[in-house]
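**Student:** Residue numbers (our numbering), protein chains in the order written: chain A, 1 to 234; chain B, 1 to 234.
By construction, these hints were calculated from the structure, which means they are not laboratory data.
Small disclaimer: the values here were computed from a predicted structure and weren't measured.
Hints are not guaranteed to be accurate.
[As the list claims (entries may be wrong)] Residues on chain B that point at chain A, a partial pick, calculated with CB under 7 Å:
1. F40
2. A78
3. N82
4. F108
5. G111
6. G118
7. A119
8. M157
9. L188
10. C211
All C-beta atoms, glycine included, are put in the ideal place defined by N, C-alpha and C.
There are 2 protein chains.
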Amino acid sequence: MSPAAKRALVLSSGGVDSTTCLGLAVEKLGAENVASVSFFYGQRHDRELRAADAVAKHYGVRHYTLDLAGIMQYSDSAMLANSSQQVPHGTYAKQIDENGRPNTYVPFRNGLMLSAAGALAMSLFPDEACDIYLGAHADDAAGDAYPDCSPAFTQAMDEALSVGTYGNVHLVAPFVNCTKAQVVERGLSLDVPYELTWSCYEGGEAPCGTCATCLDRIAAFRANGTEDPVPYAE
Amino acid sequence: MSPAAKRALVLSSGGVDSTTCLGLAVEKLGAENVASVSFFYGQRHDRELRAADAVAKHYGVRHYTLDLAGIMQYSDSAMLANSSQQVPHGTYAKQIDENGRPNTYVPFRNGLMLSAAGALAMSLFPDEACDIYLGAHADDAAGDAYPDCSPAFTQAMDEALSVGTYGNVHLVAPFVNCTKAQVVERGLSLDVPYELTWSCYEGGEAPCGTCATCLDRIAAFRANGTEDPVPYAE
Numbered sequence: 001m002s003p004a005a006k007r008a009l010v011l012s013s014g015g016v017d018s019t020t021c022l023g024l025a026v027e028k029l030g031a032e033n034v035a036s037v038s039f040f041y042g043q044r045h046d047r048e049l050r051a052a053d054a055v056a057k058h059y060g061v062r063h064y065t066l067d068l069a070g071i072m073q074y075s076d077s078a079m080l081a082n083s084s085q086q087v088p089h090g091t092y093a094k095q096i097d098e099n100g101r102p103n104t105y106v107p108f109r110n111g112l113m114l115s116a117a118g119a120l121a122m123s124l125f126p127d128e129a130c131d132i133y134l135g136a137h138a139d140d141a142a143g144d145a146y147p148d149c150s151p152a153f154t155q156a157m158d159e160a161l162s163v164g165t166y167g168n169v170h171l172v173a174p175f176v177n178c179t180k181a182q183v184v185e186r187g188l189s190l191d192v193p194y195e196l197t198w199s200c201y202e203g204g205e206a207p208c209g210t211c212a213t214c215l216d217r218i219a220a221f222r223a224n225g226t227e228d229p230v231p232y233a234e
Numbered sequence: 001m002s003p004a005a006k007r008a009l010v011l012s013s014g015g016v017d018s019t020t021c022l023g024l025a026v027e028k029l030g031a032e033n034v035a036s037v038s039f040f041y042g043q044r045h046d047r048e049l050r051a052a053d054a055v056a057k058h059y060g061v062r063h064y065t066l067d068l069a070g071i072m073q074y075s076d077s078a079m080l081a082n083s084s085q086q087v088p089h090g091t092y093a094k095q096i097d098e099n100g101r102p103n104t105y106v107p108f109r110n111g112l113m114l115s116a117a118g119a120l121a122m123s124l125f126p127d128e129a130c131d132i133y134l135g136a137h138a139d140d141a142a143g144d145a146y147p148d149c150s151p152a153f154t155q156a157m158d159e160a161l162s163v164g165t166y167g168n169v170h171l172v173a174p175f176v177n178c179t180k181a182q183v184v185e186r187g188l189s190l191d192v193p194y195e196l197t198w199s200c201y202e203g204g205e206a207p208c209g210t211c212a213t214c215l216d217r218i219a220a221f222r223a224n225g226t227e228d229p230v231p232y233a234e
């Protein structure tokens, strides 16, 4: 992290973790110095992009959307609309294949999104220090299921971003050692508008309440003695 | 570098350095285990992409082209077609601005291309080790003009790629400590088809012979006691 950075660019998926990052960045730097960026990479639905837009409007920050779908066209990740695989329902542990990987892993997604954000930050603010915020947390990295959420990964990407941008851009991953419950705890203290967020792997009008990511966020709110404010289908 | 990798994906710009990398990878692994990837990022002309395609055909390797132009749409780099800046002519030293940067720096370009290549490698070969080859060399990194060609950068990206792909993907930058003249020396020994390559910042039917990158390659061939085989306009 660059202590001098007065700009922030927050990777925003419209979900709980990245929206909490956005709340943190706005609290620290003010909305006028913060922008958010979302990515279309061929996912099954645009519901999360609409949520990211609603969250950006709530905070009054500029919101960019970049298209990475062409790069992911050769992947068969279950997260992608053109995949031969199904989105799994149930907890993460049930989804691990014989190689120890969930079929919802998207090839080097966080690396690609962070690199695109680095290019965007250096385009928007070529002469200013800018911190890129990533909402990765320890539950996602657990068991190496999503290695691109781990401290080893965020440290390496911070180094690459910094060196490759003349020291301008740094990566901030405030929750990389936190559980999702701790992320929600921080966000509740910041009045993060969780009612506007979307996490569900499926599209539809209401989140399913049964896919792995729905189950995770429901549990994270309950661990804080409160209920997830989004209305579930089940 | 993963000693066990039987696959290689070579970043190919159609120029001298990346084509030499392709020659190295084919020699080591055989054409059937090598693919090349080129990127459109909004550059002024597609001449280099056509050269990359010609080089891939020469070696008999699969060639992918990915589009990053949407990500670079906010940049004003002189390398881009929509830039307000001119491509400089003369040596690199003349192009450095007050911040020590050339106006031909494209924001985090190598980081973005390597991340896209990492995503592609994990899509094409999800269960196989794959080395990504990058033709960065010491002359490009000199004076920190292009920091995303430096050993510090390639080391950090190798770490990020490895961690973020369950250890499958590694970065190989065989020339990161070599001069361009040494790259050409190696390539001449491998019979690299330099007559098919394109380096010029400008488009046109023949390379200009006066832009920084034309001057660099002309000098690299002369340092090896030979002439650059491409026909220059001047």
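**Student:** Which numbered hints are broken by the structure, listed smallest first?
**Tutor:** Structure breaks hints 1, 2, 3, 9 and 10.
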